[in-house]
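Chains as they are written, first to last, in my numbering: chain A, 1 to 328; chain B, 1 to 328; chain C, 1 to 328.
There's no promise every hint is true.
For chains that are exact copies, the list does not tell them apart, and a pair is met inside one copy or across any two.
[Said to hold, decoys possible] Here are the simulated lysine-lysine pairs, PhoX-like style, with alpha carbons at most 25 Å apart:
1) Lys-112 - Lys-171
2) Lys-277 - Lys-162
3) Lys-226 - Lys-8
4) Lys-162 - Lys-40
Honestly, the hints are just simulated from the structure, not real lab data.
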Amino acid sequence: METNWKRKHILSLRDFTPAEYNTILQTAISFREVLSTRTKKVPTLQGRVVANLFFEPSTRTRSSFELAAKRLSADILNFSPGTSSLTKGETILDTAKTYLAMGADLMVIRHKNAGVPQAIAAEMDRLKVKVNVLNAGDGQHQHPSQALLDLFTICSVLDLDKPRIELLKGKKIAIVGDILHSRVARSNIDCLLSLDTQVHLAAPPTLLPNFFSKKNKNNNLFLHWKIEPALENADFVMTLRLQKERMTEHLLPSLREYHQNFGITRSRLQLCHPHVKILHPGPVNRGVEISSDLMDDPNFSLISQQVTSGVAVRMALLYLIGLTHDDK
Amino acid sequence: METNWKRKHILSLRDFTPAEYNTILQTAISFREVLSTRTKKVPTLQGRVVANLFFEPSTRTRSSFELAAKRLSADILNFSPGTSSLTKGETILDTAKTYLAMGADLMVIRHKNAGVPQAIAAEMDRLKVKVNVLNAGDGQHQHPSQALLDLFTICSVLDLDKPRIELLKGKKIAIVGDILHSRVARSNIDCLLSLDTQVHLAAPPTLLPNFFSKKNKNNNLFLHWKIEPALENADFVMTLRLQKERMTEHLLPSLREYHQNFGITRSRLQLCHPHVKILHPGPVNRGVEISSDLMDDPNFSLISQQVTSGVAVRMALLYLIGLTHDDK
Amino acid sequence: METNWKRKHILSLRDFTPAEYNTILQTAISFREVLSTRTKKVPTLQGRVVANLFFEPSTRTRSSFELAAKRLSADILNFSPGTSSLTKGETILDTAKTYLAMGADLMVIRHKNAGVPQAIAAEMDRLKVKVNVLNAGDGQHQHPSQALLDLFTICSVLDLDKPRIELLKGKKIAIVGDILHSRVARSNIDCLLSLDTQVHLAAPPTLLPNFFSKKNKNNNLFLHWKIEPALENADFVMTLRLQKERMTEHLLPSLREYHQNFGITRSRLQLCHPHVKILHPGPVNRGVEISSDLMDDPNFSLISQQVTSGVAVRMALLYLIGLTHDDK
Numbered sequence: 001m002e003t004n005w006k007r008k009h010i011l012s013l014r015d016f017t018p019a020e021y022n023t024i025l026q027t028a029i030s031f032r033e034v035l036s037t038r039t040k041k042v043p044t045l046q047g048r049v050v051a052n053l054f055f056e057p058s059t060r061t062r063s064s065f066e067l068a069a070k071r072l073s074a075d076i077l078n079f080s081p082g083t084s085s086l087t088k089g090e091t092i093l094d095t096a097k098t099y100l101a102m103g104a105d106l107m108v109i110r111h112k113n114a115g116v117p118q119a120i121a122a123e124m125d126r127l128k129v130k131v132n133v134l135n136a137g138d139g140q141h142q143h144p145s146q147a148l149l150d151l152f153t154i155c156s157v158l159d160l161d162k163p164r165i166e167l168l169k170g171k172k173i174a175i176v177g178d179i180l181h182s183r184v185a186r187s188n189i190d191c192l193l194s195l196d197t198q199v200h201l202a203a204p205p206t207l208l209p210n211f212f213s214k215k216n217k218n219n220n221l222f223l224h225w226k227i228e229p230a231l232e233n234a235d236f237v238m239t240l241r242l243q244k245e246r247m248t249e250h251l252l253p254s255l256r257e258y259h260q261n262f263g264i265t266r267s268r269l270q271l272c273h274p275h276v277k278i279l280h281p282g283p284v285n286r287g288v289e290i291s292s293d294l295m296d297d298p299n300f301s302l303i304s305q306q307v308t309s310g311v312a313v314r315m316a317l318l319y320l321i322g323l324t325h326d327d328k
Numbered sequence: 001m002e003t004n005w006k007r008k009h010i011l012s013l014r015d016f017t018p019a020e021y022n023t024i025l026q027t028a029i030s031f032r033e034v035l036s037t038r039t040k041k042v043p044t045l046q047g048r049v050v051a052n053l054f055f056e057p058s059t060r061t062r063s064s065f066e067l068a069a070k071r072l073s074a075d076i077l078n079f080s081p082g083t084s085s086l087t088k089g090e091t092i093l094d095t096a097k098t099y100l101a102m103g104a105d106l107m108v109i110r111h112k113n114a115g116v117p118q119a120i121a122a123e124m125d126r127l128k129v130k131v132n133v134l135n136a137g138d139g140q141h142q143h144p145s146q147a148l149l150d151l152f153t154i155c156s157v158l159d160l161d162k163p164r165i166e167l168l169k170g171k172k173i174a175i176v177g178d179i180l181h182s183r184v185a186r187s188n189i190d191c192l193l194s195l196d197t198q199v200h201l202a203a204p205p206t207l208l209p210n211f212f213s214k215k216n217k218n219n220n221l222f223l224h225w226k227i228e229p230a231l232e233n234a235d236f237v238m239t240l241r242l243q244k245e246r247m248t249e250h251l252l253p254s255l256r257e258y259h260q261n262f263g264i265t266r267s268r269l270q271l272c273h274p275h276v277k278i279l280h281p282g283p284v285n286r287g288v289e290i291s292s293d294l295m296d297d298p299n300f301s302l303i304s305q306q307v308t309s310g311v312a313v314r315m316a317l318l319y320l321i322g323l324t325h326d327d328k
Numbered sequence: 001m002e003t004n005w006k007r008k009h010i011l012s013l014r015d016f017t018p019a020e021y022n023t024i025l026q027t028a029i030s031f032r033e034v035l036s037t038r039t040k041k042v043p044t045l046q047g048r049v050v051a052n053l054f055f056e057p058s059t060r061t062r063s064s065f066e067l068a069a070k071r072l073s074a075d076i077l078n079f080s081p082g083t084s085s086l087t088k089g090e091t092i093l094d095t096a097k098t099y100l101a102m103g104a105d106l107m108v109i110r111h112k113n114a115g116v117p118q119a120i121a122a123e124m125d126r127l128k129v130k131v132n133v134l135n136a137g138d139g140q141h142q143h144p145s146q147a148l149l150d151l152f153t154i155c156s157v158l159d160l161d162k163p164r165i166e167l168l169k170g171k172k173i174a175i176v177g178d179i180l181h182s183r184v185a186r187s188n189i190d191c192l193l194s195l196d197t198q199v200h201l202a203a204p205p206t207l208l209p210n211f212f213s214k215k216n217k218n219n220n221l222f223l224h225w226k227i228e229p230a231l232e233n234a235d236f237v238m239t240l241r242l243q244k245e246r247m248t249e250h251l252l253p254s255l256r257e258y259h260q261n262f263g264i265t266r267s268r269l270q271l272c273h274p275h276v277k278i279l280h281p282g283p284v285n286r287g288v289e290i291s292s293d294l295m296d297d298p299n300f301s302l303i304s305q306q307v308t309s310g311v312a313v314r315m316a317l318l319y320l321i322g323l324t325h326d327d328k
């Protein structure tokens with residue numbers, strides 16, 4: 001594969017270019033093909049070490065990155081916060097530097113605080129070491145690999161063989177739910193606003209503050225405190241996970257009321273474009289963000305495809321950033 | 001290896017046929033031979049993903065399945081319940097479907113509730129996907145791989161080179177201990193009753209309710225509330241792990257009294273056949289289920305052989321069910 | 001590589017010979033070279049199983065051993081104490097014997113109690129099985145692989161291409177901090193005292209009892225209750241991690257006072273030899289054992305090199321003890 005990829009770390013989608021999105025989509029197609037072969041493996045990252053530094057625990061995303069790294073033939077080191085030196089007072093940067101000294105070539109980082117992957121990447125650059133950092137979710141800030149697998153999933157619906165960003169032109173995409181606290185929403189908004197789509201956000205006012213309208217630079221972002229105008233003729237509906245903590249924080253009256261006002265149901269789907277598809281980053285609270293039968297309906301739900309896309313897209317991301325020091 | 005294996009999932013031994021038992025034994029012999037070579041590995045499951053979904057934690061069984069899968073060259077994903085989406089409200093079926101979407105080909109499932117592996121297998125079949133499910137212990141229901149490694153261990157004692165079920169004909173096998181709560185006992189009872197053996201159960205009445213006699217369809221099951229008649233001339237004695245919780249549940253007066261009445265000791269062994277062998281699924285409470293010195297006596301104890309058999313038998317099981325979609 | 005290595009287990013450095021140290025250093029050089037190649041892997045331990053039995057949790061040391069074992073192409077089984085049979089009443093020796101029966105060839109053992117790796121090694125020898133035991137830290141007793149990676153790091157400073165113990169002759173090495181509770185200190189003291197160095201221990205009296213002077217058989221051990229005489233003209237300063245528990249145990253007034261009296265700072269470094277280097281086994285409490293800026297100064301700090309050395313030295317140790325049954 002030839003490519004002009006230059007980006008060393010994937011930390012946020014705020015400044016991604018259309019060309020970069022297309023390179024990722026094309027690379028992910030290649031890896032989707034690898035995954036359809038019998039052996040499913042390529043020697044791309046042989047001898048390299050991928051350190052999964054999940055300071056915030058996660059089974060789903062960690063497993064996806066782990067499988068992606070294995071299929072690139074990398075060696076994997078899993079950092080488990082529960083049993084770590086962190087409880088012994090070591091700083092996060094020192095933990096990262098320990099894995100660097102051990103031989104980590106790529107670091108996949110999740111942390112409950114925004115900015116941690118950025119800080120580690122900056123430290124690696126300051127040290128002038130050939131280490132790539134991939135943000136696997138930082139606080140309420142960004143979760144780029146999730147938005148990129150969403151992009152790959154959506155573009156694959158529009159053209160399975162040649163997913164590319166040009167297909168998105170003029171599409172209406174609704175993002176529904178707890179936007180305020182969602183790093184998935186922020187990464188998706190940054191991505192989609194730059195790609196000639198119309199992005200409609202819908203949530204109760206407590207979960208969709210007005211300051212989100214600052215992102216509206218290309219005149220293609222719309223905020224709604226009711227779900228109906230967002231769904232109207234929408235091509236894709238992205239639902240967001242609702243943390244049950246929001247109730248105890250008095251941001252929501254009840255799950256039942258949330259579902260009544262913002263849950264995706266078969267009758268609400270009538271508002272959308274007839275070919276509408278639904279996404280959810282998982283794990284789903286059945287009957288809250290989305291009605292249970294709709295979640296399982298392959299005519300509408302892309303949830304399984306998102307998980308499947310995740311492995312191919314994460315292989316692409318590890319491969320691409322790894323290219324930036326291929327003389328290693 | 002040629003075989004007629006047709007069974008897609010291994011969930012329970014209730015309906016296993018003698019031919020299936022012999023296929024498993026023969027396949028396990030082949031893998032026992034692989035394990036005696038220097039490299040110890042075969043490429044059988046290369047490119048396939050084995051997902052260890054241990055909703056109930058276990059080090060021993062998980063390690064055994066993990067090593068079996070590694071030696072078949074599979075990729076392994078470990079699901080760790082403590083740090084999982086389950087705590088976030090995801091259903092068990094949705095967790096399994098996430099691993100399916102990620103690319104899992106075989107799922108090894110342990111859960112504290114009976115029926116979970118069955119439910120996951122039924123869902124996979126409903127979805128018409130080529131995924132195999134292996135029950136690694138569900139509640140107090142079944143633990144088929146444990147009973148199968150016990151079978152392999154016993155038959156290997158009777159003929160090391162050609163373990164086969166015909167060797168069991170007429171053998172008396174005692175199962176002693178907390179039968180009521182034991183999935184190991186249930187799987188072993190189902191297996192042994194169908195194989196021309198005489199199965200004698202022995203336990204205090206609180207741990208051996210009368211309803212177990214319903215399993216006596218071939219007139220070869222015997223229930224005892226004292227240990228002596230079960231041990232008399234027994235060829236094999238299977239002891240079961242005693243959970244200390246049984247005391248707080250008022251099912252047992254004390255560990256000491258249990259040992260006095262049902263513990264396997266050297267003097268009690270006098271009652272058995274001179275070549276008697278003792279099994280225990282582990283982990284053992286030394287001096288409770290079995291006296292400490294007897295446990296370490298290689299003339300009587302098969303405990304180490306059971307663990308060793310476990311790897312070969314689990315390789316056989318993963319291999320055989322994997323055959324059912326070899327066109328994959 | 002040719003070698004006369006005979007030692008089956010690495011449990012303590014108390015009786016190591018200079019020839020053994022040099023063999024380890026030379027072997028580690030070879031593996032340091034392997035780590036600088038693109039694939040970074042050798043097939044040395046292919047088919048062998050390394051069981052990491054970390055009864056006391058540790059991310060740093062376990063990751064280091066895991067990476068070392070992977071790069072020797074071994075299969076790895078990780079034992080996680082939280083989810084283990086230990087909570088079910090199994091003895092430590094029985095846990096080790098379970099991993100033996102499963103097929104473990106090498107056991108890397110950490111335990112909060114002194115003597116556990118020794119007890120497991122003795123049991124393996126009694127059973128006459130070809131299993132190697134490596135102590136990865138036992139209570140306040142020994143941590144041989146840490147002292148050996150310190151040795152490799154120090155000797156590499158003195159001659160990068162040919163690290164060897166002869167380079168240490170006459171060097172003054174200060175060990176500063178909580179010596180009483182440190183297995184790292186004990187292993188380093190045993191190693192360095194046998195190698196013609198001058199070893200100066202410095203700590204408050206509560207953390208450096210007089211009985212350490214019993215180790216002074218070659219007249220090269222010196223105890224100080226102030227830091228200055230230890231640092232004076234020192235070639236290397238080994239700082240030790242200070243557990244915060246020491247305060248609640250009334251062994252120390254405060255971290256601030258400890259740092260004031262025993263912390264390594266730029267001004268204290270004036271006392272040392274101009275080429276002085278500082279070591280710390282990690283994780284570091286910045287501003288306690290060592291001032292934060294000094295820790296990051298590559299002119300003085302060897303902390304990163306220690307971590308890097310760890311992988312090569314642990315590869316060497318696993319390789320060397322594995323040689324003792326190469327007919328396996």
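- If the cutoff is 25 Å on CA atoms, where do Lys-162 and Lys-40 land: within, between, both or neither? Let me know, please. within (21 Å within a copy, 37 Å between copies)
- Are the CA atoms of Lys-226 and Lys-8 at most 25 Å apart within a copy, between copies, both, or neither? neither (40 Å within a copy, 48 Å between copies)
- Item | Alpha-carbon proximity between Lys-112 and Lys-171, which holds within one copy, between copies, both or neither at 25 Å | Result: close neither inside a copy nor across copies, 33 Å intra and 47 Å inter.
- Could you figure out if Lys-277 and Lys-162 sit no more than 25 Å apart (CA to CA) within one copy, between two copies, both or neither? within (18 Å within a copy, 57 Å between copies)
Hint check: violations occur at hints 1 and 3; the rest are consistent with the structure.
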